[in-house]
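J.: The listed protein sequences derive, respectively, from chains E and L.
Counting in the working numbering, the first sequence runs from 1 upward without gaps.
Counting in the working numbering, the second sequence runs from 1 upward without gaps.
FYI, nobody ran anything at the bench for these hints, they're computed from the structure.
Bear in mind the structure is a predicted one, so any value in this text is a computation, not a measurement.
Backbone N, C-alpha and C fix where the C-beta goes; we use that ideal spot for every residue, glycine too.
Where hints are given, some of them may not hold.
What the hints assert, rightly or not - The calculated lysine-lysine pairs, modelled on DSSO-like cross-linking and capped at a C-alpha distance of 27 Å, are:
id : chain 1 : residue 1 : chain 2 : residue 2
1  : E       : 200       : E       : 151
2  : L       : 151       : E       : 275
3  : L       : 44        : E       : 265
4  : L       : 200       : L       : 147
5  : E       : 265       : L       : 138
6  : L       : 111       : L       : 151
7  : E       : 200       : L       : 59
8  : L       : 58        : L       : 200
9  : E       : 59        : E       : 138
10 : E       : 200       : L       : 99
11 : E       : 99        : L       : 111
12 : L       : 151       : L       : 59
13 : L       : 58        : L       : 44
14 : E       : 58        : E       : 151
15 : E       : 59        : E       : 44
16 : E       : 99        : L       : 200
17 : E       : 99        : E       : 111
18 : E       : 200       : L       : 275
19 : E       : 99        : E       : 44
20 : E       : 58        : E       : 147
21 : E       : 200       : L       : 138
22 : E       : 138       : E       : 265
23 : E       : 44        : E       : 20
24 : E       : 58        : E       : 111
25 : L       : 44        : L       : 99
26 : E       : 111       : E       : 147
27 : L       : 200       : E       : 138
28 : L       : 58        : L       : 138
29 : L       : 20        : L       : 99
30 : L       : 200       : L       : 138
To be verified - Output of the computed footprint for chain E on chain L, the stretches with three or more beta carbons under 8 Å from beta carbons of chain E:
id : stretch
31 : 42-53
32 : 141-147
33 : 191-200
34 : 215-228
35 : 263-270
Claimed, not checked - Computed beta-carbon distance windows for the label pairs:
id : chain 1 : residue 1 : chain 2 : residue 2 : range
36 : L       : 174       : E       : 262       : 20 to 30 Å
37 : E       : 137       : L       : 84        : 53 to 63 Å
38 : E       : 132       : L       : 171       : 44 to 54 Å
39 : L       : 59        : E       : 271       : 33 to 43 Å
There are 2 protein chains.
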Amino acid sequence: MIICITGLGLIGGSMATDLKRRGFARHIIGVDNNTSHCEVALQKGLVDEVLGLDEGVKKADLIILSTPVDVLLELLPLVLDLVAGSGKVVTDTGSTKLKLGSLVNSHPGRKCFVAGHPMAGTEQSGPSAAISGLFDNKCVILCDPEKSDIKALNLVERMYSALNMEIIYMQSSSHDVSAAYVSHISHIASFALSLCVQEKEQNEKRIFSLAGGGFSSTVRLAASASSMWTPILSENAPPVLEALDAYIHQLSLFRDNIASRDISKLNHLIGEANKIQQIINLQIQ
Amino acid sequence: MIICITGLGLIGGSMATDLKRRGFARHIIGVDNNTSHCEVALQKGLVDEVLGLDEGVKKADLIILSTPVDVLLELLPLVLDLVAGSGKVVTDTGSTKLKLGSLVNSHPGRKCFVAGHPMAGTEQSGPSAAISGLFDNKCVILCDPEKSDIKALNLVERMYSALNMEIIYMQSSSHDVSAAYVSHISHIASFALSLCVQEKEQNEKRIFSLAGGGFSSTVRLAASASSMWTPILSENAPPVLEALDAYIHQLSLFRDNIASRDISKLNHLIGEANKIQQIINLQIQ
Numbered sequence: 001m002i003i004c005i006t007g008l009g010l011i012g013g014s015m016a017t018d019l020k021r022r023g024f025a026r027h028i029i030g031v032d033n034n035t036s037h038c039e040v041a042l043q044k045g046l047v048d049e050v051l052g053l054d055e056g057v058k059k060a061d062l063i064i065l066s067t068p069v070d071v072l073l074e075l076l077p078l079v080l081d082l083v084a085g086s087g088k089v090v091t092d093t094g095s096t097k098l099k100l101g102s103l104v105n106s107h108p109g110r111k112c113f114v115a116g117h118p119m120a121g122t123e124q125s126g127p128s129a130a131i132s133g134l135f136d137n138k139c140v141i142l143c144d145p146e147k148s149d150i151k152a153l154n155l156v157e158r159m160y161s162a163l164n165m166e167i168i169y170m171q172s173s174s175h176d177v178s179a180a181y182v183s184h185i186s187h188i189a190s191f192a193l194s195l196c197v198q199e200k201e202q203n204e205k206r207i208f209s210l211a212g213g214g215f216s217s218t219v220r221l222a223a224s225a226s227s228m229w230t231p232i233l234s235e236n237a238p239p240v241l242e243a244l245d246a247y248i249h250q251l252s253l254f255r256d257n258i259a260s261r262d263i264s265k266l267n268h269l270i271g272e273a274n275k276i277q278q279i280i281n282l283q284i285q
Numbered sequence: 001m002i003i004c005i006t007g008l009g010l011i012g013g014s015m016a017t018d019l020k021r022r023g024f025a026r027h028i029i030g031v032d033n034n035t036s037h038c039e040v041a042l043q044k045g046l047v048d049e050v051l052g053l054d055e056g057v058k059k060a061d062l063i064i065l066s067t068p069v070d071v072l073l074e075l076l077p078l079v080l081d082l083v084a085g086s087g088k089v090v091t092d093t094g095s096t097k098l099k100l101g102s103l104v105n106s107h108p109g110r111k112c113f114v115a116g117h118p119m120a121g122t123e124q125s126g127p128s129a130a131i132s133g134l135f136d137n138k139c140v141i142l143c144d145p146e147k148s149d150i151k152a153l154n155l156v157e158r159m160y161s162a163l164n165m166e167i168i169y170m171q172s173s174s175h176d177v178s179a180a181y182v183s184h185i186s187h188i189a190s191f192a193l194s195l196c197v198q199e200k201e202q203n204e205k206r207i208f209s210l211a212g213g214g215f216s217s218t219v220r221l222a223a224s225a226s227s228m229w230t231p232i233l234s235e236n237a238p239p240v241l242e243a244l245d246a247y248i249h250q251l252s253l254f255r256d257n258i259a260s261r262d263i264s265k266l267n268h269l270i271g272e273a274n275k276i277q278q279i280i281n282l283q284i285q
C-alpha cells in the first residue's frame, strides 16, 4: 500500500516509521510546506519521497493528514475534492474533532474520510522528534464511525492495529469534551505553572535546584509547541473553557481550605485526588 | 558512625539504604511509630535495628528526622532536649523550614541542628517505596547555616556529599517561598487536575484511554500522600496562597484569551511557557 502523510511532525513522522517498518506501507510519500521538515524526514528515512499535495494524494491509496488542527480545516476539504469517488481513504490525527467533522459533513467525499485521534505524543515536535513505538499499547479514538464507508473504516482500523493501538469509538462532540478535560487542561495547567514560576523566580539556577520535588514532571508539557496548541485551544474553546472553569474551581477549594487551615477537608481532597492513580494503574495491569 | 533515622518513609528509607551502602553509616537505627513501617524497613535491610526514640537518639551520633512536617514540630524540640551539649548532630528533611526554625531558635540545643531539605522524591510513600540512588545528582537546600555549629554543618554536608547531592544554602523564609512556587504548587496543580477529571468523567476506562496525551505525566503527583502534603500546605500557607493566586491568575489569562480566540496572545503565552524547558535542560547539561 502507498501512503501519503501530510504534515511530517512528531505524529506523522512516527506513524511513517512504524507503518513502513511493520510492512503496512510499501511506499511512503511525505508532504509538508516546511522544507526543512521534508529534508529531515528524508534523511531519517521516515519517508521514501517528498511530493506536492496534489501529486502525493494522486499516487497514494491512503492519505493521513497530521498537521495542526487549523491547517486541517483548510486541507481536508481540498483533499476530499481530490479523492471523491476514487476509492482512496483519508484520515486525520487531529486533537479536536467536532469543527472538522461539521465542515465536511455534506461533502460528497465524506464517506471516504475517517476521523481519528491517536492518544500519544511527547512534548517534542517536528520530524527529528519522531520515534518508533510511540503508539504501542496506546489508544486511538475513531469518531463518528457511522459516517465513514465501512471499507474506509476497516482500512484505518487495520492501520492502527499495525501500530499496536487499541481502538475506541466516540462521537465527535463527546470526544472533544473528554479531550478538553483529560488532555487540553493538562497542557494549560503546565503552561501556567511554567509562567508562574518564571515570573516569580528570576534566578534560573534556583528553579533548577528546586525542581527535584515533582516540578519537572508537572511542567514537562509546558514545552509543547504553540503551533499545535494555540489552534487546539482556540478551536475547542467551549469545552476547554468549561474544563478550565472546573479546574480553577478545584484550585479555589484548595485555596479556601489552605487559608482556613482546614486539615480535615484538605485530607479529604487529597485522598480523593489520590484515586486517579488507582484508575490508571488498574487499567495498565 | 551510628545514625538514627526517625520516620522510615520514602525519604528516610532511601537515605538509610545509600548511607549504609556507601559506608557513611556503620550502623543504622530506625525509629517509627508505625510498626508495619518498622517491619518493612527491617525486612528490606534499610535499618539494622528498630528502637524507641530515646534509646535511638542516645545510641546515635547523627539523628535524621524524616517525618511529615507536622510531626517535626513536636519531635525536634524533644530531640534537641535529649542531645543538647552532647556533641550529637540533628538534621531534618522537611519541605517547609520557617516555622520549624522559629520554634527552636532560642532552644539551647539549636546549634547542633542543621535544617535541610533534599529536593528529591517520588509520588510514592513508605519504606516499601525506598530506593537506592534517589538523591544522586539532585540538590539539597541547607537553611540558615549560620545558626548551626560549624562541626554540625560540616557533618551534614559530608552526609549529603555521600548521597551525591549538590548543596545550596538559603534562608528559611526564602526557601519556603521558592518551594511554594516550584514544588508545592506543582502538587496542588496535580491534585486539582485529578479531581476535575474524576468529577467530569465517571467512565474510568475512558479516562485511561484518553490519558496518552500528557495527562499521566501531569497527574503523577496527584498520588502523593495527604499525610505528607496536608501538613506542608497548611504550615507553609502564606507563600502557598501567594503562589496559588499567581497560578490562578496565569490560568485566567489563558481563559480570557481562549474565550476571545486571541491567537496572537495565546501564541505569546505558550512561547513564554516553553522557555522553562530551556532552563531545565540548560542546567542538566
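J.: If a hint holds in the structure, say so; if it doesn't, say that too.
T.: Hints, verified against the model:
no., hint, in the structure
1, E/200 x E/151, "violated, 56 Å"
2, L/151 x E/275, "violated, 45 Å"
3, L/44 x E/265, "violated, 35 Å"
4, L/200 x L/147, "violated, 50 Å"
5, E/265 x L/138, "violated, 33 Å"
6, L/111 x L/151, "holds, 10 Å"
7, E/200 x L/59, "violated, 45 Å"
8, L/58 x L/200, "violated, 54 Å"
9, E/59 x E/138, "violated, 30 Å"
10, E/200 x L/99, "holds, 22 Å"
11, E/99 x L/111, "violated, 66 Å"
12, L/151 x L/59, "holds, 19 Å"
13, L/58 x L/44, "holds, 24 Å"
14, E/58 x E/151, "holds, 19 Å"
15, E/59 x E/44, "holds, 22 Å"
16, E/99 x L/200, "holds, 22 Å"
17, E/99 x E/111, "holds, 17 Å"
18, E/200 x L/275, "holds, 14 Å"
19, E/99 x E/44, "violated, 34 Å"
20, E/58 x E/147, "holds, 23 Å"
21, E/200 x L/138, "holds, 22 Å"
22, E/138 x E/265, "violated, 36 Å"
23, E/44 x E/20, "holds, 13 Å"
24, E/58 x E/111, "holds, 18 Å"
25, L/44 x L/99, "violated, 34 Å"
26, E/111 x E/147, "holds, 6 Å"
27, L/200 x E/138, "holds, 22 Å"
28, L/58 x L/138, "violated, 31 Å"
29, L/20 x L/99, "violated, 31 Å"
30, L/200 x L/138, "violated, 37 Å"
31, 42-53, "violated (count 0)"
32, 141-147, "violated (count 1)"
33, 191-200, "holds (count 10)"
34, 215-228, "holds (count 12)"
35, 263-270, "holds (count 5)"
36, L/174 x E/262: 20 to 30 Å, "holds, 27 Å"
37, E/137 x L/84: 53 to 63 Å, "holds, 58 Å"
38, E/132 x L/171: 44 to 54 Å, "holds, 49 Å"
39, L/59 x E/271: 33 to 43 Å, "holds, 37 Å"
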